[in-house]
Every structure is written in C-alpha cells, then in structure tokens.
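A.B. asks: Each chain, written out:
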Amino acid sequence: MAAVNYEIFPDILKLNFDSDILGLMVLQRKRLLVQIRKEALLEIANYFLDELKYRFVIASGMNADHGYDIIYHFSDDSTGYMINLIVSIDEKKPEIESMANMISAANWIEREMHELLGVTFINHPNLTSLISGENWEETEHPYARPPRDNNKSSKK
Amino acid sequence: MSKKTVIPIGPYHPLQEEPELFKLYCEGEIVRDIEWETGYNHRGIEKINESKTFDQVFFVVERICGICSTSHPFAYANAMEEVGRVEVPDRASYIRTIIGELERIHSHLLWLGLAGHFLGYNTVFMWAWKYREMVLDIFEKTTGNRNNYAMFRIGGVRRDIPNIYISDIKKMLDAIKPKLNLLLGAVMDDPVIHARTKKVGILTKEDIIDYGAVGPTARASGIAIDVRKDDPYAAYPLIDWKVITSDGCDVFAKTEVRLLEMLESVSIIDQCLDRLNHTKEGSIYNPVKEIPAGFGFGRAEAPRGEVFHFVKTDGSNSPVRHKVRAPSYVNIATFKKSCIGQTISDATIILAAVDPCYCCTERMAFAYDYYSGKQIMNGLDLIKISQQKTKELKMKM
Chain A
1 MAAVNYEIFP
11 DILKLNFDSD
21 ILGLMVLQRK
31 RLLVQIRKEA
41 LLEIANYFLD
51 ELKYRFVIAS
61 GMNADHGYDI
71 IYHFSDDSTG
81 YMINLIVSID
91 EKKPEIESMA
101 NMISAANWIE
111 REMHELLGVT
121 FINHPNLTSL
131 ISGENWEETE
141 HPYARPPRDN
151 NKSSKK
Chain B
1 MSKKTVIPIG
11 PYHPLQEEPE
21 LFKLYCEGEI
31 VRDIEWETGY
41 NHRGIEKINE
51 SKTFDQVFFV
61 VERICGICST
71 SHPFAYANAM
81 EEVGRVEVPD
91 RASYIRTIIG
101 ELERIHSHLL
111 WLGLAGHFLG
121 YNTVFMWAWK
131 YREMVLDIFE
141 KTTGNRNNYA
151 MFRIGGVRRD
161 IPNIYISDIK
171 KMLDAIKPKL
181 NLLLGAVMDD
191 PVIHARTKKV
201 GILTKEDIID
211 YGAVGPTARA
221 SGIAIDVRKD
231 DPYAAYPLID
241 WKVITSDGCD
251 VFAKTEVRLL
261 EMLESVSIID
271 QCLDRLNHTK
281 EGSIYNPVKE
291 IPAGFGFGRA
301 EAPRGEVFHF
311 VKTDGSNSPV
321 RHKVRAPSYV
331 NIATFKKSCI
341 GQTISDATII
351 LAAVDPCYCC
361 TERMAFAYDY
371 YSGKQIMNGL
381 DLIKISQQKT
391 KELKMKM
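Protein sequences appear in the order of chains A and B.
For the first sequence, counting from 1, position 74 maps to 74 in the working numbering; every step adds exactly one.
For the second sequence, counting from 1, position 106 maps to 106 in the working numbering; every step adds exactly one.
Read the hints as simulated data drawn from the structure, not as lab findings.
Keep in mind that the hints are not guaranteed to be accurate.
Think about it this way: if two alpha-carbon atoms lie no more than 30 Å apart in a straight line, the pair counts; the simulated DSSO-like pairs of lysine-lysine are [stated by the list, open to error]:
#1 B:Lys141 / B:Lys170
#2 A:Lys53 / B:Lys242
#3 A:Lys30 / B:Lys242
#4 B:Lys205 / A:Lys53
#5 B:Lys229 / A:Lys30
#6 B:Lys205 / A:Lys30
#7 A:Lys53 / B:Lys229
#8 B:Lys171 / B:Lys130
#9 B:Lys199 / A:Lys53
#10 A:Lys93 / B:Lys312
#11 A:Lys53 / B:Lys312
#12 A:Lys30 / B:Lys52
#13 B:Lys47 / A:Lys92
#14 A:Lys38 / B:Lys312
#15 B:Lys179 / A:Lys53
#16 B:Lys312 / A:Lys30
#17 A:Lys30 / B:Lys289
#18 B:Lys179 / B:Lys391
#19 B:Lys394 / B:Lys199
#20 A:Lys38 / B:Lys47
#21 B:Lys23 / B:Lys199
#22 A:Lys14 / B:Lys312
#23 A:Lys92 / B:Lys312
#24 B:Lys23 / B:Lys391
#25 B:Lys242 / B:Lys170
#26 A:Lys93 / B:Lys47
#27 B:Lys199 / B:Lys396
#28 B:Lys179 / B:Lys141
#29 B:Lys280 / B:Lys170
#30 B:Lys337 / A:Lys53
#31 A:Lys93 / A:Lys38
#32 B:Lys312 / B:Lys389
#33 B:Lys229 / B:Lys171
#34 B:Lys389 / B:Lys336
#35 B:Lys47 / A:Lys30
#36 B:Lys389 / B:Lys179
#37 B:Lys199 / B:Lys179
#38 B:Lys199 / B:Lys52
Extracted from the complex, chain A is given alone in its bound form (with noise of 0.2 Å):
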C-alpha cells in the first residue's frame, strides 16, 4: 500500500468519487469526516478496505432530524488517521446497503444497529438480534427516538 498524503487527500477524494461526495471536513489532529451518499457506501468503503488497506474499527447509527446517520469509522494502522463515513438515511425508508459480506467485522454491528435503532441492513447474512435476545419485537427499538429538540442545545 502506497502511503497516503493526507494534505492533498481530500482533493483525491473528490476526484475520485466526485458526486458521492455530498460534504468534507477536516476536523482535529488526524481525523476527517465525510458525507457521502447512500448508495455510494459499497463502492468508496471498498476503496478504503481493499486499495488503501484501511481497517474498518466500528459504526456509530445516531437518530437525525431527517432519521438516521449512520458514522462509519476506518482507521490507517500505519499513520493513525481515522476516516469517517458519515451516511445520512430518511426517517421513512431507513435501509442500507449490508457491508457484512465486504467485511466480516461489519457483521455484529449492524445486528446491533437494526436492533436498537431501526434500520434495515439489505443482504445481510442474519439480520437477527444481537442484543435482545429471543424474545424481541421486530418493531420494537429502544434506541430510536423522535428527532432532539434543537433549541435544547442552547439551555445550559
């Protein structure tokens, strides 16, 4: 794997995926986060996990005011950057494209994420519950809630 420059890797990124590309920020020390659209998740994680030989460590689904974003974090072991995909879903179709048959780790976490927050992973292997054990409800998820009142966030 050739090694990346991370000065001029935002502009590779927007060369490359252009369209999919909806939104880019470089935030702290060695951390980026990227916007992307829904249906481009496959191609550009595979572009990381397979070209740049990135490892996918975790997602994070969050509830949205427009539904779901789902964080989708990859780290380069060698130079300790993480890449975030950040994948906005509409709050009225919450499916995804499965990355579990790209990579196995993908696996438990989207159990997990289909359990508590809602969202349908499409060609996962066993889409079943993680956490809740035999007894869950499919349409039961402790996690989902209606969107956060924004002017909380100005309440102290």
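Fit chain B to the supplied structure of chain A, relying on the hints for placement.
C.D. replies: Frame of chain A, contents of chain B only:
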C-alpha cells in the same frame, strides 16, 4: 393473576461467571460450528451517558469493565480532549501512562492465571494471581484504589503521584520484574504447554483483517497494530518502547506476546517514573470551561486491544451520542475461525486465548450435540476435559 418472574441461576448466574452463552455445535470430538448469544448483561451505557454530564461519564465508563477499568476513561478522555482541543500537562500524561501500563500488567497476569487453570496448571494460576497482588499494591499506593482508580478527568488527572513516592514505587516494580521473568521461563520452557497451545486455534493474517481483530490477538498473527504507536497519545511518543509481535498465529503466540508485553510495560513505567521527577509537582490538569459542538474520536490501547470512543457534542454539557467499542467486540467474532475443526478439549483454551471481556471477562461454554441440539456438557465439564488432556500429555512425556 400474578406476574411470573424467572430468575436464571446456573448458566446465567452473574456471580458464578458472567452471563454469556456460547453454543459449540460438535460432531464427536470436533467442533463444527459455534454460536454466541449476548445481551444478558446489556446495561445501555451508551444511552445512559446521553443523560450524564461530561464529567459524570468518566465514572460510568470506568464501570464498563472491571479489569480494564482505565482503558475506557482513557479513550473517552482522548475523545473529549480532541473535541475541546485541550492540552494535557506533561505530568498528567506520564501519570496516565503509568496507570495504563500497570493495568496491562495486572490484566495479562490475570489472563495468564486463567489460561493456566484451563490447561490444568493450577500452580501457574496461583502464582500469576499472587504476583498480580503486587501490581494492585502499586495501584493502591498511587491512586488509593485497587480497582476503578477514578484518576481521569478532561484535561488531566485527578490525583498526583508525589515525588517522594517514586522511589518506593520503583522498588515495588523491581520486585515484580523477576516474577514476570519466572513466569516467562515457566511457560516458554514447558514442553506440555507447547504441545497444548502450538498449532491450536490458528488465526491467519487474513482472518484478523477480515474480522478487524485488535490487540494481542492481532499482534500474535504478525500484524503490528498498536494504538500507542500508530496514533500516539499520552506519554507514549516520548518514551522508548517497542511493539511486541509474533508470527505463530496460535494460542502459544498469544501467550508469548502477552508475557513479553508485561516486561515492556515495566520498562515504560520505569521511564515514566524517572521523568515524573523532572516535572512540576501539582500541575496535573488544565481547567476546561466549555466543550464546543463537534466530534471526538478517542482511542486507547487496552490490555485486550484498541478501545474506541466516539463522542458527538452540541455545545451543551452532555454528549448527544457516545459510542463505545470495546476490543472484545471484534476479537470474540474470530471464534468462528479459530474454534471450528478443533477438538472440544482445546476449545476452552482457544476461547480464552483472545482474553474475552464482555463487561469484563466471560468464559462460559456449552457443548451441544450437532444433530439433537441437546446440551451434553457445561463449562466446568469442558475445563475438566481440557485439564485431563494435559494430564495425559504429561504422563506420555
């Protein structure tokens, strides 16, 4: 009609071992498939933290795991300091590193003891746990606690290690080193341990990459990943130390990596203590007034591998989202590769080899008949047949 309450005792009894379930599907002696059931101890910590203030979260995450109770606050502090762009004083960095490395020693000793027990070496078990006490004594002296040290805060640490303590701590540390060498020699030179652990529970490099395994599990398969080196934090970039790896890929390699890591940790602590003398006593934290809105990605190398904490903040005084990924979450999934095709008597040590830690440690296994699905053995029986196998090997040698 009164509500019926079910109290699970036995397999799921939290006092006995932790409530977790492996199903080994066996055909004769050979494990054909493995299933894992979790959630018995799900405490909703990520959700709880959304209702806590940033300072309170430290005390919650410290209780995620009883054995590596510093790793989670460490990773969380790294995440918060990233969001708040907080600088940590040098002295605090050294103290953090000392606590983190002491924890690695005591955790690896605990693992070694249990691994010895599973193999039928109860002397190793008793020795390892006896010498672990010496590490806990250092904890008691430095933090006031033998577990859950409550040392971390955003911007530094809560308690200083006074300079007058340093020579005492060094003496205690010097006493541990020969004991670690003794254990190292005992494990590396024993032909029966070699016979039981070499070529057992193989995890290839490809398996490690596919499952995203971390820590000693990955390093024993020749993948040199260590957050302390890759994404340096605290005092690790200032200290001279090396990442321990092995190409064995088996249970023996994992044991070797952990044993050598303990000696490396002693050296790191020693260097930190020396440097502590050259920093100003008492300057152990930078006050933080406000945490702005943003994203924090904190990592720390726990004894079992990389702990990852993701925090999203919105400018208020509590996290909007806090994601915790413990190393066992990715390491345990590798059982699908390491256990299948092995004998039942080796299964316990293979399961133990990644040092599984759910909210701390769990080593419960059941053997089910492949066809009927009936439970034929419980965890204790499995340990018994594992110990029996060692006994037979000893007789033969």
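A.B. asks: Looking at the structure, which of the earlier hints fail to hold?
C.D. replies: Hint check: 15, 32 and 38 fail, others pass.
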